[in-house]
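Engineer: In order, the protein sequences belong to chains A and B. Note that the first sequence covers residues 1 to 182 in the numbering used here. Note that the second sequence covers residues 1 to 182 in the numbering used here.
Please keep in mind that the hints were generated in silico from the structure rather than gathered at the bench. In this text, all values refer to a predicted model and were calculated from it rather than measured experimentally. Among the hints, erroneous ones may be present.
[As the list claims (entries may be wrong)] Just the calculated beta-carbon pair ranges, DEER-fashion:
{"no.": "1", "chain 1": "A", "residue 1": "R180", "chain 2": "B", "residue 2": "A101", "range": "18 to 26 Å"}
{"no.": "2", "chain 1": "B", "residue 1": "G153", "chain 2": "A", "residue 2": "P152", "range": "40 to 48 Å"}
{"no.": "3", "chain 1": "A", "residue 1": "H112", "chain 2": "B", "residue 2": "P84", "range": "35 to 43 Å"}
[What the hints assert, rightly or not] Which stretches of chain B does chain A cover? Using the computed rule of at least three CB atoms under 8 Å from a CB of chain A, they are:
{"no.": "4", "region": "69 to 80"}
{"no.": "5", "region": "124 to 131"}
{"no.": "6", "region": "163 to 176"}
Glycine included, C-beta positions come from ideal geometry on N, C-alpha and C.
Protein chains: 2
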Amino acid sequence: MSTAMRKRTLPLSRAYRLLEPGPVVLVTTASNGRANVMAMSWQTMLEFEPPLVGCVVSNRNFSFTALRATGECVIAIPEARLAPKIVGCGNVSGRRVDKFARFGLTPVPAAHVGAPLIAECFANLECRVVDRRMVESYNFFVLEVVHAWIRPGATAPRTLHHRGRGSFIVAGRTIHLPSRMK
Amino acid sequence: MSTAMRKRTLPLSRAYRLLEPGPVVLVTTASNGRANVMAMSWQTMLEFEPPLVGCVVSNRNFSFTALRATGECVIAIPEARLAPKIVGCGNVSGRRVDKFARFGLTPVPAAHVGAPLIAECFANLECRVVDRRMVESYNFFVLEVVHAWIRPGATAPRTLHHRGRGSFIVAGRTIHLPSRMK
């Protein structure tokens, strides 16, 4: 387990800028001394600060049980070059496989939650479940981001965006417009 | 008002593939004989079929009142070439301005809801509010997509993805990987 991961704290007020563009993310959990990771695309910001994230973790996923039991996870944001690992994580279940070992992802201890950061991801958001009212209806968890990490110098990351059935968009050029929107 | 908009019905089972990559969307509403449009980036899929979408429409937005009153809206998905119009819609309030006229967006009657489609957008999702339990806490509405329209031939649309503070990513190249994920 590497502890040499290059990371700095990102102010929580900027965390929304990582999730708002809709990247495919990896979600880690840890339960009974065992870490797991899944791929996710069904998430949205709910509030700027403290940053609240709503996300669907299907009860068919092995991660669902750990997330419900511990109330903790890490949302790790990968760049497109990790696409084969991301798809790999989506293709197998943590019930049978140690996906960190299988796909060469490096778990790194988080500061505030039991779930690990992923060293290969440019951003990692430590999260706690703060609202479970919609879990029964939609497997929808409300998470609060309690600490955000970013790789120094990660300014225009090439995130991956899922279009279904193995099809993904890679983030292209960045444009700037005079917006009053936060 | 143009009725020559080129559109075909998209099977509802494929609607998630439009929203899952996290594009900036436009949301139209109509109330008291007046249509309005806002920009939105805080949305997620909640279910494949019937397609359920969760989205945050702030109660500071003029659209909030119309959405709550009518329970209907259209999620229109623009390509990046509409960026100036999108940002324009985000910069002014429908309280004071007819944004369709101001930004040259063409409202087209929908089939099932009172809110209009937007002719310039490559996809339009007619939606009804089906769950309001999270409106008070997070301004979070659960919508069911009741009809999906797509422009014939729209295969790799250059969507826009909001990174905050006037910064946007334009959808880049598409890649395909052997995924078992839906």
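Engineer: All the hints need checking, so say for each whether the structure fits it.
Structural biologist: Hints, verified against the model:
no.	hint	verdict
1	R180/A / A101/B: 18 to 26 Å	20 Å, holds
2	G153/B / P152/A: 40 to 48 Å	43 Å, holds
3	H112/A / P84/B: 35 to 43 Å	41 Å, holds
4	69 to 80	violated (count 1)
5	124 to 131	violated (count 1)
6	163 to 176	holds (count 14)
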